[in-house]
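Visitor: Sequence order for the protein chains is A and W.
Under this note's numbering, the first residue of the first sequence is numbered 1, with each subsequent residue one higher.
Under this note's numbering, the first residue of the second sequence is numbered 1, with each subsequent residue one higher.
Any given hint could turn out to be false.
Any copy, or any two copies together, can satisfy a pair, since identical chains are not distinguished.
As the list claims (entries may be wrong) - In the EDC-like style, the derived pairs of lysine to aspartate or glutamate whose C-alpha atoms are separated by at most 16 Å in a straight line are: (1) 147 to 135; (2) 88 to 139; (3) 147 to 173; (4) 13 to 36; (5) 65 to 6; (6) 147 to 177; (7) 168 to 91; (8) 168 to 112; (9) 88 to 177.
No wet-lab data here; the hints were simulated from the structure.
As the structure is a computational prediction, the values presented were derived from the model and not from experiment.
Number of protein chains: 2
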Amino acid sequence: MARTADKRVERSKAAVLAETYRQLTRSGISGVSIDEVSRVSGVSKTTIYRHWPSRSALLIDACSKLGHASQPPDTGTLRADLHALVTKLGEQLQSAAWATVYPSIVDAAEREAEIAALQTGLHMAFMAPFHAVVERARDRGEVQPEKPTPDVVAAVVGPLFYRRWFSKEPIDERFIEATIHAAVEAARSR
Amino acid sequence: MARTADKRVERSKAAVLAETYRQLTRSGISGVSIDEVSRVSGVSKTTIYRHWPSRSALLIDACSKLGHASQPPDTGTLRADLHALVTKLGEQLQSAAWATVYPSIVDAAEREAEIAALQTGLHMAFMAPFHAVVERARDRGEVQPEKPTPDVVAAVVGPLFYRRWFSKEPIDERFIEATIHAAVEAARSR
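Go ahead and model the full structure; you've got the sequences and the hints to work with.
Guide: Pasting the structure below:
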């Protein structure tokens, strides 16, 4: 009996999450309506709020489906590690669902503390492999001691984010190579 | 008689724009409600839509109040020109109303063509001084011919945007200097 009830709960939660994720990727975070989630999933609002105490709690769960950070590469050089990471980031920025949803999270984070905390968590997870490869390069002597790791990450990731969401210019192989080259040179020169 | 009517029209338009701007800076672009603008300004929706054919048209007018690009500096070196521009950008990112509103425009631009066009216009105007100082530096031989101007702009502006809206790390004097140094070196080296 208890197991049947558990399964029913799991099915309800999965239906709610799936519909929340659908609305999130279609309309951004401000476009998620609990009324509509309830209607489409067939799960009552009372039940939804029993599983997720707030709209933000549900959004956080749905956002965790947007993607997860990959293992950092370990090729032996900062340039090749960054090439692997930045090439993948460039592809994702131009095709992944999260690239379309992310501005809605950044926007809501300007006004809502819970969404700001959600954004911080997503950002740390997305950027962890970048920080890891720069720290390893530092251990090998490829990064000057006085150059902070976050500077190197900002020099690599900043121009790509700028092109995707602000200037809308192409993120092509030439641009990626030039951005990595500049960041690697800045990290190793005094 | 005609002049009195003109003045009344101007007053109504100003009241609508002021209230739209207030909602825009408080709640972002998705938080602007024409019903609420009409109620607070005391101008009927029919009259609002006589002056602005669509919600986007009104938003475009209100956004033009967010700020305007400054004249590009002309100090004689790329480094000093960028220092002036980037210091001002850093201040604005941390205090200007547009820095809080901009993510809502970026978000809406992902789904609405009219807002995307508005964003393009704002972006071109904001970035024009950066492009101008890099082009002047190119004329003086400070930028290698094979380094495109948009790359230099992305290397300078990208890391600041990244810190303001994504990593939320401080944009201090040290970071600004390091970012300018890296961009200037990348522009002038082969």
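Visitor: Determine for every hint whether it applies to the structure shown.
Guide: Hint by hint, here is what the structure shows:
1. 147 to 135: within (11 Å within a copy, 29 Å between copies)
2. 88 to 139: neither (24 Å within a copy, 36 Å between copies)
3. 147 to 173: between (26 Å within a copy, 14 Å between copies)
4. 13 to 36: Classified as within; 15 Å inside a copy, 36 Å across copies.
5. 65 to 6: Result: close neither inside a copy nor across copies, 22 Å intra and 55 Å inter.
6. 147 to 177: So residue 147 and residue 177 pass the 16 Å test across copies only (12 Å; inside, 21 Å).
7. 168 to 91: within (14 Å within a copy, 24 Å between copies)
8. 168 to 112: Between. Shortest inter-copy distance 15 Å satisfies the 16 Å Cα cut-off; intra-copy 27 Å does not.
9. 88 to 177: Only inside one copy: residue 88 and residue 177 sit 13 Å apart there, 29 Å across copies, limit 16 Å.
Of the numbered hints stated above, those contradicted by the structure are hints 2 and 5, listed in ascending order.
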